[in-house]
Each structure stands twice: as structure tokens, then as C-alpha cells.
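With these hints in hand, go ahead and build the complete structure from the sequences.
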Amino acid sequence: MTHTPPQGLYVRALGVRYGRRPVLEHVDAGPFPHGAVSAVLGPNGSGKSTLLRAMGGLLRATGTVLLDGVDLTPLPLAQRTQHCLYLPQALPEPVRLSVLDAMLAARHATGRQNDADTTKDIDAAMACLHDVGIAHLATRSLHELSGGQRQLAGLAQALGRKPRALLLDEPLSALDPYYQQTIMALLRRETAQRGLVTIMVLHDLNMALNQCDLACLLHGGRILASGEPAHVLTPEHLRTVYRIAARVDEGANGQRFISTTGVV
Amino acid sequence: MQHHPNATIVQTYRTTMRRHSLVLAGLVAALALSVLVDCAVGPAALSPATLLHAILAPSGVEEQTRLIVWQIRLPYALMAACVGAALGLAGAEMQTILANPLASPFTLGLSAAGAFGASLAIVLGWHISHVPDMWLTAGSAFVCSALSVWLLDILVRLRRGGTGTVILCGVALVFSFQALVALMQFVASEDALQNLVFWTLGSLTRATWGTLALLAGTLGCVFPFSMRAAWPLTTLRMGEDRAASLGVDVQHLRRMCLLRISLLCALAVAFVGVIGFIGLVAPHIARRMVGEDHRFYLPASMLSGAFILSLSALVARLLVPGVVVPTGIVTALVGIPFFLAIVLRRRGDTP
Chain A
1 MTHTPPQGLY VRALGVRYGR RPVLEHVDAG PFPHGAVSAV LGPNGSGKST
51 LLRAMGGLLR ATGTVLLDGV DLTPLPLAQR TQHCLYLPQA LPEPVRLSVL
101 DAMLAARHAT GRQNDADTTK DIDAAMACLH DVGIAHLATR SLHELSGGQR
151 QLAGLAQALG RKPRALLLDE PLSALDPYYQ QTIMALLRRE TAQRGLVTIM
201 VLHDLNMALN QCDLACLLHG GRILASGEPA HVLTPEHLRT VYRIAARVDE
251 GANGQRFIST TGVV
Chain B
1 MQHHPNATIV QTYRTTMRRH SLVLAGLVAA LALSVLVDCA VGPAALSPAT
51 LLHAILAPSG VEEQTRLIVW QIRLPYALMA ACVGAALGLA GAEMQTILAN
101 PLASPFTLGL SAAGAFGASL AIVLGWHISH VPDMWLTAGS AFVCSALSVW
151 LLDILVRLRR GGTGTVILCG VALVFSFQAL VALMQFVASE DALQNLVFWT
201 LGSLTRATWG TLALLAGTLG CVFPFSMRAA WPLTTLRMGE DRAASLGVDV
251 QHLRRMCLLR ISLLCALAVA FVGVIGFIGL VAPHIARRMV GEDHRFYLPA
301 SMLSGAFILS LSALVARLLV PGVVVPTGIV TALVGIPFFL AIVLRRRGDT
351 P
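In order, the protein sequence lines correspond to chains A and B.
Under the numbering used here, the first sequence is numbered contiguously, ending at residue 264.
Under the numbering used here, the second sequence is numbered contiguously, ending at residue 351.
The set of hints was computed from the structure by calculation and includes no laboratory data.
Careful, some of the hints might be misleading.
Unchecked claim - Distance windows between CB atoms, simulated: (1) A/Gly133 <-> B/Met227: 55 to 65 Å; (2) B/Ala25 <-> A/Thr118: 48 to 58 Å; (3) A/Ala13 <-> B/Met227: 38 to 48 Å; (4) B/Ile336 <-> A/Gln89: 53 to 63 Å; (5) B/Ser129 <-> A/Leu75: 51 to 61 Å; (6) B/Leu340 <-> A/Thr261: 52 to 62 Å; (7) A/Arg21 <-> B/Leu183: 54 to 64 Å.
Glycine residues also receive a C-beta, built at the ideal position from the N, C-alpha and C atoms.
Written out as C-alpha cells, the structure reads:
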């Protein structure tokens, strides 16, 4: 009898402390399946970023993080990011570096590949820039780009590393509505095409409700609810977690929206 | 030939690489020229032909010319280039790992710490048999500046501070060490005081083949390691978190950089005293010329540093005929306008 390992990303008994203060205790989350965009929701200070950073290996944590049945926690950071890549909330700094150079630097950051060949490297980088729609900016310097364009460049860097799981920390927070929609659409498309496990921290509840496949609600360092966004983002949960009075309505086009009527 | 979809981009990329390489080659040429001029100019003026002859075939020229070139001029000129290179490279790495355009060995207290170390040895009159006093002073300066780097690192790590904290801690170190040096001056005897003041002014006339070989050797050993870290350092420029997210071990990278920086700066300070602004200005010049790709930025900063100090050394000998003005004074005077220009140009543009 063959045993197939469970697919997707799992978190088991994850714990993180800052000094003596526990931020996350015994968090079990998942499975976050391949090809789906999952939202991690929760109020400020609920441990969303900490959870993602711990999953990405940027914070020391107890417990296990399993990707397709393989525990990632014992791997060194350089190897771990080959499988599961965390993208920080801060945009790439506006430095004097062309977008293409930034792509190549990301590719070689953990040691130059043995089969390194400039033309091949550039082809791979350009393919990623095409995917995120900024191929025309390849030779422009990061310090000349807008925040949205730099976010796209950062995303292209991540995709260029060909991870199987992508963890994004508030990828939409610093952006205007145009780039919010662009990046969300882009993430949905690439997630489906590449079969990525995509998990993102979001503050925009309506975005999570309508454009994510799964949602996971954090409350006081624990997961209160997870599943389909419509089942997670209920008025009761919003009242408990965010301390707001809210109702969920269905619009004429089939979209749901949350309207807040006040605080509790 | 098959048409390649990214042919234009590849072409543009290669052109940029070539242009940056040309900039480096230009810097090497300028440096070589300035070192030669540095050797030629002086009380006993040497023609270019005599100079080249004396350097390439020392046995074929007069005894006196050989002595001037090999014992006085060459060590002085080469020391200027080496110290400039060391400070330029150290400054470049420092600005990257501390993510601060104001970071330099001078602004963060390394030089002041070195001066304190030297003052200890000079004022307290330390002697160890069989060790020349000059080496003892240099050694003490080295230990103090190396310690100040680690102190800075610890302070910053304790506070987990951003770039502002780094600079503030550095400024605190500068003032503390300056106060300590002043204290040493206060208690010093007249002879020791004169020695100490002369030491802190920063002078290349102390250069010998021994110190030159040690510094050049260290530079030669350190530089390949710097270049091996070029890609991760480039990634680090885009943000510490981003570098870490791409798999760069930032802690390790930073520690290795600090080790290189403390070696280079501490040696430079130990051998020639306090020479400011090179480590601050050279990285900015390099950034303007070749951008932030550290494969070019690091060597460009190193070469710019060497070139500026070499020029300053030349000016130092021409300024007052017959007297070599301490180079530290000249670099500070030349450096301040540079520094202001950079600070004032910042608006709407990253330095």
C-alpha cells in the first residue's frame, strides 16, 4: 500500500515568543492547498505577520511547518526559501539598481548557480517580468519607480525563485486601488498557473471575502476560524475579533460586501 | 542568426556591464597616474623618464635618486593609495550593512577610537622590549578601533534600532573617544603631547615598506571576500527583510562585513592616523558612477577612495613648499565641500 503525503502547506503546534512573551502558542493551521489563494485575517497585533514570518523561517519558532509532507523547519534558510518564500511588507527600497539587476541579484543572492549564463539568466528574469507585466521597466532604476511598480518588481523577484509556496505580508497595504486590483488578479492567475500555495495577510475584508479562496481568522495568537471566506467572515466573528458591528450583504453582481455600522 | 526575443535587453545589459568596467579601468588609470605624479613632484623634481627608470630598473640610476624614489616617494605615494582603498572599501560595505548614507569609519567613531588607542600608548609611554614604539602605537590604535566597531554592533543589536540609532550610537562613540583623547592630552607631558597631536593629524610620512606591505596584504586578502559577498550585499540594499526573505543570512553577512571593515579601518588608522571623509565620500562617488550593483560598486568605491587620497597626498605636499602638511587636514578640507554637496543634493533623490 502506498502512502501519499498530504498535499499543501500545514502548520503544526507552531509557537513563537518575543523574549518571554508568547505571541503565538500551539497554532495549527492548514491545509493551505496548492492553487488557492488564502487570506490570513485578524486585527492589529493578533500575530498575523509573526505567523507568516515564522512559517517563512525568518523567526525562530517551535513546532513544524510541512510542505507536501516534508518538514521545512530543519532546513537552513537558503534552502528553505527555495520551497517556501516569505515576502515582507516593506516595498523594495528605491535604490539605484535596475529592475533587471534586482532580479539577477535575487537569483544569485544565495550563491551563484553553477549553470550560470548571463543570457539564460536574463531570459528567466524577463519571463517573470512579463508575467507580472513590467517587462517594459526592466532597464529602469528602482529609485525612479512608483510604489506599485516596485511591489510588482518585488513580486517578480519572488516568482523568479520558483518557490512552491508564497507567503505575502500585506502585499496591498501601501498601494492605490488600481495596483491593489492588479496585484490581486496577478496573484490569483499565477497561483492557479503555477500551482502555488499562496497565503497573504490582508486588512481589506471585502477583498478577502470576494477574491480569496480560503480565509483564516487569527484572534489573540490562536486561529478562531478557517475555511471559505463567507463562512469565516460572519457578523459574529467580526464582532468577537475586530470588535465592530458589521453586516454582510450581497450585491446585485453576486459580490458580497461587509458594511461596518460602528464599534462594539 | 536566430532572433532572440530578449536580444535588445541582453544587448543593453552587456553595454551597461562594459560601461561600468570602463569606469573601473578609468579609475585604475587615474590612480596610477596620480601615484606617479605623486612620486615625481617634490623638492628634488624628477623627470618622468628618470622616475620610470628608477622604478623599473633601480640599479641603473644614481644612488641619490634611487633613495629618494624607493625610500621616500614610493612608500608615501603607495601608502596614500592603499589607505584610500581600504577606507573606500570599508566605507562602501559599512553604508550597505548599516543601510545609512552617513555611515563611515570617521562619523561612527572608529578613527576617534584609534586616536584614543594611540594616545594611550604615546602618553603612558608604553614600551615593550624588541618592539619598536611605532608598532606599539599602531597596535594600540588597531585594538581600540576594532573594539569600537564591535561596541557599535552590540549597541545597535541590543536596541534593534534602525538607521537613526546607528548614527546616534556612532556620534556618541565619537564624542566619548574625543573626550578621552582630550583627557590624555591634558595629562600628557610636553613631548608626548607634541607626538600625540602630530599622530592625530593623520600623516602619510610615517609610511614604511613594512606597514605598507601589511596593509596591502590585508587589502589583498579581504577584497576577494568582499567581492564574493557582492550579490547578497546588493540584495541587502533592497531592505533587510527582503534580503532575508530571499534566503540571505543577514546576521552572518553583517558579521563578516564588520570583521572586514574593522580590519581595514583599524589598520589604516593605526598606520597613518586620523584621515576623515574618504570612507564617507568614496561610496557616494562610486554610487553616482556605477549604481548599486555591488560587483562594480565595491571596487569603484575602493578605487575612488584610493584616487582621492592619492590626490590629497599630492596637494598636501604642494600646499606649503618644503613642508608636508598632514594629510588628515587636507582630506578634511577637500572632503567638507564634497560632503555638503551630497547632503544638500539629497532632496527627491536617493544618495
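Hint check results:
| no. | hint | verdict |
| --- | --- | --- |
| 1 | A/Gly133 <-> B/Met227: 55 to 65 Å | 34 Å, violated |
| 2 | B/Ala25 <-> A/Thr118: 48 to 58 Å | 20 Å, violated |
| 3 | A/Ala13 <-> B/Met227: 38 to 48 Å | 43 Å, holds |
| 4 | B/Ile336 <-> A/Gln89: 53 to 63 Å | 39 Å, violated |
| 5 | B/Ser129 <-> A/Leu75: 51 to 61 Å | 55 Å, holds |
| 6 | B/Leu340 <-> A/Thr261: 52 to 62 Å | 57 Å, holds |
| 7 | A/Arg21 <-> B/Leu183: 54 to 64 Å | 43 Å, violated |
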